[in-house]
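Enquirer: Chain by chain, the residues run as shown.
There are 2 protein chains.
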Amino acid sequence: MNLHKTPVMPVGFQCASVNCGLKDKGTDLSLFISDVTANAAAVFTQNQFPGAPVILGREIIKKGKLRGIVVNSKVSNVGTGEQGVENARKMGLALAREFSIDPGEVLMSSTGVIAKPLPIEKIEKGIIGIGKHLSSDPLVGAQGIMTTDSYPKALSLSVGNATLTMVAKGSGMIEPNMATMLVYIFTDADLDSKTLDTCLRTAVDTSFNMLSVDTDTSTSDTCVILANGHKGSVDKTAFSKALDFACIEMTQMLARDGEGATKLLTAEVNNAFSRNEARFMAKALINSPLIKTMAFGADPNIGRILMALGKCFDCHVEPPKIEVSINGTLVYKDQMRVDFDEKKVRLLLSGDRVAISVNLNAGHDMAMAYGCDLTQGYIEENASYYSS
Amino acid sequence: MNLHKTPVMPVGFQCASVNCGLKDKGTDLSLFISDVTANAAAVFTQNQFPGAPVILGREIIKKGKLRGIVVNSKVSNVGTGEQGVENARKMGLALAREFSIDPGEVLMSSTGVIAKPLPIEKIEKGIIGIGKHLSSDPLVGAQGIMTTDSYPKALSLSVGNATLTMVAKGSGMIEPNMATMLVYIFTDADLDSKTLDTCLRTAVDTSFNMLSVDTDTSTSDTCVILANGHKGSVDKTAFSKALDFACIEMTQMLARDGEGATKLLTAEVNNAFSRNEARFMAKALINSPLIKTMAFGADPNIGRILMALGKCFDCHVEPPKIEVSINGTLVYKDQMRVDFDEKKVRLLLSGDRVAISVNLNAGHDMAMAYGCDLTQGYIEENASYYSS
Numbered sequence: 001m002n003l004h005k006t007p008v009m010p011v012g013f014q015c016a017s018v019n020c021g022l023k024d025k026g027t028d029l030s031l032f033i034s035d036v037t038a039n040a041a042a043v044f045t046q047n048q049f050p051g052a053p054v055i056l057g058r059e060i061i062k063k064g065k066l067r068g069i070v071v072n073s074k075v076s077n078v079g080t081g082e083q084g085v086e087n088a089r090k091m092g093l094a095l096a097r098e099f100s101i102d103p104g105e106v107l108m109s110s111t112g113v114i115a116k117p118l119p120i121e122k123i124e125k126g127i128i129g130i131g132k133h134l135s136s137d138p139l140v141g142a143q144g145i146m147t148t149d150s151y152p153k154a155l156s157l158s159v160g161n162a163t164l165t166m167v168a169k170g171s172g173m174i175e176p177n178m179a180t181m182l183v184y185i186f187t188d189a190d191l192d193s194k195t196l197d198t199c200l201r202t203a204v205d206t207s208f209n210m211l212s213v214d215t216d217t218s219t220s221d222t223c224v225i226l227a228n229g230h231k232g233s234v235d236k237t238a239f240s241k242a243l244d245f246a247c248i249e250m251t252q253m254l255a256r257d258g259e260g261a262t263k264l265l266t267a268e269v270n271n272a273f274s275r276n277e278a279r280f281m282a283k284a285l286i287n288s289p290l291i292k293t294m295a296f297g298a299d300p301n302i303g304r305i306l307m308a309l310g311k312c313f314d315c316h317v318e319p320p321k322i323e324v325s326i327n328g329t330l331v332y333k334d335q336m337r338v339d340f341d342e343k344k345v346r347l348l349l350s351g352d353r354v355a356i357s358v359n360l361n362a363g364h365d366m367a368m369a370y371g372c373d374l375t376q377g378y379i380e381e382n383a384s385y386y387s388s
Numbered sequence: 389m390n391l392h393k394t395p396v397m398p399v400g401f402q403c404a405s406v407n408c409g410l411k412d413k414g415t416d417l418s419l420f421i422s423d424v425t426a427n428a429a430a431v432f433t434q435n436q437f438p439g440a441p442v443i444l445g446r447e448i449i450k451k452g453k454l455r456g457i458v459v460n461s462k463v464s465n466v467g468t469g470e471q472g473v474e475n476a477r478k479m480g481l482a483l484a485r486e487f488s489i490d491p492g493e494v495l496m497s498s499t500g501v502i503a504k505p506l507p508i509e510k511i512e513k514g515i516i517g518i519g520k521h522l523s524s525d526p527l528v529g530a531q532g533i534m535t536t537d538s539y540p541k542a543l544s545l546s547v548g549n550a551t552l553t554m555v556a557k558g559s560g561m562i563e564p565n566m567a568t569m570l571v572y573i574f575t576d577a578d579l580d581s582k583t584l585d586t587c588l589r590t591a592v593d594t595s596f597n598m599l600s601v602d603t604d605t606s607t608s609d610t611c612v613i614l615a616n617g618h619k620g621s622v623d624k625t626a627f628s629k630a631l632d633f634a635c636i637e638m639t640q641m642l643a644r645d646g647e648g649a650t651k652l653l654t655a656e657v658n659n660a661f662s663r664n665e666a667r668f669m670a671k672a673l674i675n676s677p678l679i680k681t682m683a684f685g686a687d688p689n690i691g692r693i694l695m696a697l698g699k700c701f702d703c704h705v706e707p708p709k710i711e712v713s714i715n716g717t718l719v720y721k722d723q724m725r726v727d728f729d730e731k732k733v734r735l736l737l738s739g740d741r742v743a744i745s746v747n748l749n750a751g752h753d754m755a756m757a758y759g760c761d762l763t764q765g766y767i768e769e770n771a772s773y774y775s776s
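As they're listed, the protein sequences go chains F and P.
Residues 1 to 388, numbered by my numbering, are exactly what the first sequence covers, in order.
Residues 389 to 776, numbered by my numbering, are exactly what the second sequence covers, in order.
Hints are not guaranteed to be accurate.
Derived lysine to any residue pairs resembling SDA-like cross-links, with alpha carbons at most 25 Å apart [said to hold, decoys possible]:
1. LYS411/P <-> PHE245/F
2. LYS450/P <-> PHE313/F
3. LYS116/F <-> ALA686/P
4. LYS63/F <-> ALA96/F
5. LYS231/F <-> PHE245/F
These are calculated hints, taken from the structure and not from any lab test.
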């Protein structure tokens with residue numbers, strides 16, 4: 001499967017972004033809109049302090065229909081009580097008014113600092129006239145939803161005659177559970193909302209749910225898919241496969257652009273006792289600060305991989321059976337460090353992807369997790385995020 | 389309870405440390421010895437890749453008797469197979485030979501890089517004549533067991549006529565489970581090994597087991613207590629309380645001296661649904677990289693505290709009931725950020741202890757966890773630990 005060189009919104013979808021005064025520079029308010037009502041499905045954060053847009057979003061998505069999505073960055077509208085829910089509702093209403101559409105078919109998202117009131121007046125004003133800026137370039141919409149992301153993220157690919165396009169943001173407070181940061185997926189294929197829901201949950205399970213930048217699960221994670229049908233029906237299996245592929249590609253983009261990250265860190269756990277154990281251990285590997293700093297320093301300190309497997313107390317870990325490879329080079333086997341070429345492994349670790357692979361020889365299940373290295377940049381970005 | 393101004397080994401205990409050639413400078417080999425056989429108890433790491441000394445230690449401690457402890461730093465003797473166990477045995481034998489004591493009463497520990505062979509010849513040579521350096525200053529023994537610790541750690545206090553003295557190291561790869569990094573506790577009180585075991589497990593449960601520097605559980609965690617009886621019997625309850633107090637003091641010393649740390653970070657969770665939930669949430673708070681960087685930056689980004697509570701998916705977290713304080717100042721209540729004096733909170737966060745307190749109003753259990761901030765220093769120390 002190949003991504004398009006230049007991402008584009010599918011037929012009937014457009015987006016826009018403006019600055020409404022939340023950020024000093026750059027756009028801070030985006031919208032995504034379909035010219036007809038689209039079938040839709042969504043998954044949200046499992047954090048028990050969900051943001052107001054997530055609380056409303058869970059209700060809105062029940063009908064399986066959406067026309068518009070409105071998103072602001074800088075302030076997340078989380079931990080803001082009743083007033084926060086009211087403000088989220090106002091944000092959706094403003095978009096519905098601007099485009100004369102059903103407010104029940106507008107999803108809203110907010111991302112940024114938690115526990116600060118949403119400046120709703122600025123957002124309402126910003127929405128007025130936003131229709132003049134509509135574009136079919138998804139990167140325009142991706143721009144306005146960025147927080148600490150270093151570049152806007154969008155991708156497109158083809159499924160039969162139809163196009164599948166994804167816009168996302170990530171960067172920090174990222175270990176999604178049942179959903180991810182903000183991901184918006186658009187297709188002009190004709191698919192009902194139940195099929196979309198099944199495909200979305202399957203894809204998210206092996207992609208965004210296996211991503212972690214910093215073990216911290218956001219209060220605003222939202223992943224939504226819209227299908228407006230303009231290009232007619234597509235093969236469901238082909239669509240599901242394309243969606244899986246696109247979600248994994250986007251997961252890797254989000255991991256690589258994690259706060260302060262300089263490289264992608266992946267962990268593959270093979271021949272695990274169960275799928276759940278494989279997933280748990282793969283996550284333990286990419287979340288270990290000692291493995292993350294080892295990846296950053298390109299330091300072949302393979303003992304840390306053993307440590308991280310061993311701290312999975314409830315998993316089937318039998319040291320005599322375990323084999324470990326780094327970027328394809330076997331480094332540990334038969335309870336001993338393999339006498340590998342350290343200079344070569346150091347070189348492999350210096351690249352833009354560190355791939356740890358573990359063979360547990362304990363069963364037949366596998367999992368793959370996606371993360372990034374831990375660097376001074378993460379500390380710098382997060383020591384004063386609130387104030388900056 | 390008060391710590392002695394200067395720690396001292398209890399009557400009948402002595403220690404020493406020398407450089408046996410593992411480190412370029414400083415001592416790298418320590419011993420602790422009692423003039424008579426002491427009653428003893430120990431707890432070890434639950435990591436499923438235990439080091440060779442832990443594998444042997446579990447056997448040795450079964451008799452509840454110890455006379456000597458020998459410890460090297462720089463190489464941990466973990467992930468070293470059969471040869472590693474053989475080398476650990478040789479290390480104990482060398483100490484037994486030097487002091488003409490029963491090798492079954494010698495415990496050995498190793499700490500440092502994982503998956504490198506133990507240089508046993510250097511250690512055996514180092515042990516010869518080490519008896520000439522015996523001292524009653526526990527800081528001498530503490531010196532030789534340091535890895536990335538910035539200073540040697542020891543403390544003493546009185547229980548009745550007896551003295552209770554603790555020597556420890558910590559710093560990185562620290563989220564002990566059922567035990568901690570390396571902690572050696574000595575007393576001249578007369579206590580049987582079963583009582584020691586009960587007291588030790590109780591104390592460890594609320595101290596070292598509630599400590600985390602970086603969520604990574606070491607493969608070598610060992611906590612052992614020796615009582616040689618020279619000062620006769622003591623009140624068991626008083627001893628247990630003194631041990632609890634000493635373990636919490638040492639836990640705080642280890643947290644403050646976590647790799648790269650500039651301050652102690654504590655989290656108290658009150659009125660939780662259960663003790664396990666309180667412990668889980670307190671750990672989630674001190675382990676959150678976003679809270680740790682916020683503590684470092686003295687940035688009152690209180691939303692991160694809500695996020696960390698909310699990501700405890702299986703705990704009873706009801707946003708409307710939750711109150712949050714930072715160093716005694718209420719910052720969140722009634723689903724809203726309290727209008728606190730931000731300058732004052734920023735000043736509180738700038739001190740050498742950041743204390744988060746949460747009232748869940750969900751039950752009657754509480755827990756306290758101990759950690760530290762996350763700084764550039766942690767990255768620097770761990771990006772090239774193996775090579776340096």
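Enquirer: Determine for every hint whether it applies to the structure shown.
Expert: Outcome of the hint check:
With a C-alpha separation of about 50 Å, the suggested pairing of LYS411/P with PHE245/F is violated against the 25 Å cut-off. A threshold of 25 Å between alpha carbons decides the hint, and for LYS450/P with PHE313/F the separation of about 23 Å falls inside it, so the pair holds. This hinted pair checks out: LYS116/F and ALA686/P have alpha carbons roughly 18 Å apart, not beyond 25 Å. At most 25 Å may separate the alpha-carbon atoms for a hinted pair to count; LYS63/F and ALA96/F meet this at roughly 17 Å.
Distance check on the hinted pair: LYS231/F and PHE245/F sit about 20 Å apart at the alpha-carbon level, within 25 Å; holds.
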